[in-house]
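Work out the full structure, taking the sequences as your base and the hints as a guide.
Protein chains in written order, with this note's numbering: chain A, 1 to 101; chain B, 1 to 191.
The set of hints was computed from the structure by calculation and includes no laboratory data. Where a beta carbon is used, it is the ideal one built from N, C-alpha and C, also for glycine. It is possible that some hints are incorrect.
Unchecked claim - Facing chain A, from chain B, some residues (calculated, C-beta under 8 Å): (1) 111; (2) 120; (3) 131; (4) 183.
Unchecked claim - Each computed DSS-like pair below joins lysine-lysine, with the alpha-carbon atoms no more than 25 Å apart: (5) 59/B x 29/A; (6) 189/B x 125/B; (7) 26/B x 59/B; (8) 180/B x 168/B; (9) 59/B x 14/B; (10) 55/B x 29/A; (11) 14/B x 29/A; (12) 26/B x 14/B; (13) 55/B x 26/B; (14) 29/A x 26/B; (15) 55/B x 14/B; (16) 125/B x 180/B.
Claimed, not checked - Derived Cβ-Cβ restraints for the label pairs, each shown as a range: (17) 176/B x 38/A: 41 to 51 Å; (18) 70/B x 50/A: 36 to 46 Å; (19) 70/B x 29/A: 15 to 25 Å.
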Amino acid sequence: MNLADLQTKLIAAARADVPGDQVPYAFEKRVTVLLAARVAPDNLALWVRGLWRAAVSCVAVTLLFGAWAVLNPTTSSTTGDLSQNFESTLLASVDQSDQAQ
Amino acid sequence: MERTEAELIAAVLKGDAASFEPLVQKYSPRVFATARRYARRESEVEDIAQEVWLKAFSKLQSFRSEAPFEHWLMRMTVRTCYDFLRGHQRNRESSFSELSEPETDWLERFVADPGSAAEDADAAKLLVGRLLEKLSPPARLVITLLEIEDRSVKEIAELTGWSVALVKVRAFRARGEMRKILAKMARDKYL
Numbered sequence: 001m002n003l004a005d006l007q008t009k010l011i012a013a014a015r016a017d018v019p020g021d022q023v024p025y026a027f028e029k030r031v032t033v034l035l036a037a038r039v040a041p042d043n044l045a046l047w048v049r050g051l052w053r054a055a056v057s058c059v060a061v062t063l064l065f066g067a068w069a070v071l072n073p074t075t076s077s078t079t080g081d082l083s084q085n086f087e088s089t090l091l092a093s094v095d096q097s098d099q100a101q
Numbered sequence: 001m002e003r004t005e006a007e008l009i010a011a012v013l014k015g016d017a018a019s020f021e022p023l024v025q026k027y028s029p030r031v032f033a034t035a036r037r038y039a040r041r042e043s044e045v046e047d048i049a050q051e052v053w054l055k056a057f058s059k060l061q062s063f064r065s066e067a068p069f070e071h072w073l074m075r076m077t078v079r080t081c082y083d084f085l086r087g088h089q090r091n092r093e094s095s096f097s098e099l100s101e102p103e104t105d106w107l108e109r110f111v112a113d114p115g116s117a118a119e120d121a122d123a124a125k126l127l128v129g130r131l132l133e134k135l136s137p138p139a140r141l142v143i144t145l146l147e148i149e150d151r152s153v154k155e156i157a158e159l160t161g162w163s164v165a166l167v168k169v170r171a172f173r174a175r176g177e178m179r180k181i182l183a184k185m186a187r188d189k190y191l
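Below, the structure written as structure tokens:
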């Protein structure tokens, strides 16, 4: 048996046997479904979304407190300004000891 | 209006997985035809094609639009087929004494008169399929690309990721391997 001839003949047989290019029905749909299931979450997008939500809630809280501060001014029971109140509080013990003597 | 390939790829990269579907639809026939060169069962062919598309989707960011998408995809297909061959070497151990009757008839006709054994006969196709299954994965890949698909060494190097020198070495070894298998077949059958 001439092996070289046989080899040539078999290669020619393989060349003549062109494989089909038919695709199973709805193959592309199946691949798309698989891909949708496998799409990995985007970590950066998750972080950005979280930070935006946090920023919005911070702004909302700031606005609420600002509005509350403007619409409801604190009714201070003491008169005078802050420096006087601070000084009298700080020196209260000295005043008490002076009165005791 | 139909979107261009570049627009579809850009949309997929922006996170629109549905834009991948037209690409799958357009190029699946080529992927399937290539996979059928290396896998016999239709379920295996489908597994290879599916694997190719999943890889293509996950590696789409590495696609550079200077070269056509088809070339990039075919490289991935050939490499996936090679991985498949490496993972499925079970058929290499079978003997040629298990040849079917039409295959034996075709061989006998060839021995009697080489010209009378038609190369487009089904038996010849079965026989060459059996022969290719006995080759090692690199030998089968290189014989398929070089001898059957008639590609150049440079093309094979691009498709497989091997160097030109490695393709030449593997082609040389593959031809030797093929001759050895044919010699064994002749021994098994006729001695």
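So, going through the hints one by one against the coordinates:
no.: 1; hint: 111; verdict: holds (5 Å)
no.: 2; hint: 120; verdict: holds (5 Å)
no.: 3; hint: 131; verdict: holds (6 Å)
no.: 4; hint: 183; verdict: holds (6 Å)
no.: 5; hint: 59/B x 29/A; verdict: holds (20 Å)
no.: 6; hint: 189/B x 125/B; verdict: holds (18 Å)
no.: 7; hint: 26/B x 59/B; verdict: holds (18 Å)
no.: 8; hint: 180/B x 168/B; verdict: holds (19 Å)
no.: 9; hint: 59/B x 14/B; verdict: holds (14 Å)
no.: 10; hint: 55/B x 29/A; verdict: holds (16 Å)
no.: 11; hint: 14/B x 29/A; verdict: holds (20 Å)
no.: 12; hint: 26/B x 14/B; verdict: holds (21 Å)
no.: 13; hint: 55/B x 26/B; verdict: holds (17 Å)
no.: 14; hint: 29/A x 26/B; verdict: holds (13 Å)
no.: 15; hint: 55/B x 14/B; verdict: holds (17 Å)
no.: 16; hint: 125/B x 180/B; verdict: holds (19 Å)
no.: 17; hint: 176/B x 38/A: 41 to 51 Å; verdict: holds (43 Å)
no.: 18; hint: 70/B x 50/A: 36 to 46 Å; verdict: holds (40 Å)
no.: 19; hint: 70/B x 29/A: 15 to 25 Å; verdict: holds (22 Å)
No hint from the list above goes unmet by this structure.
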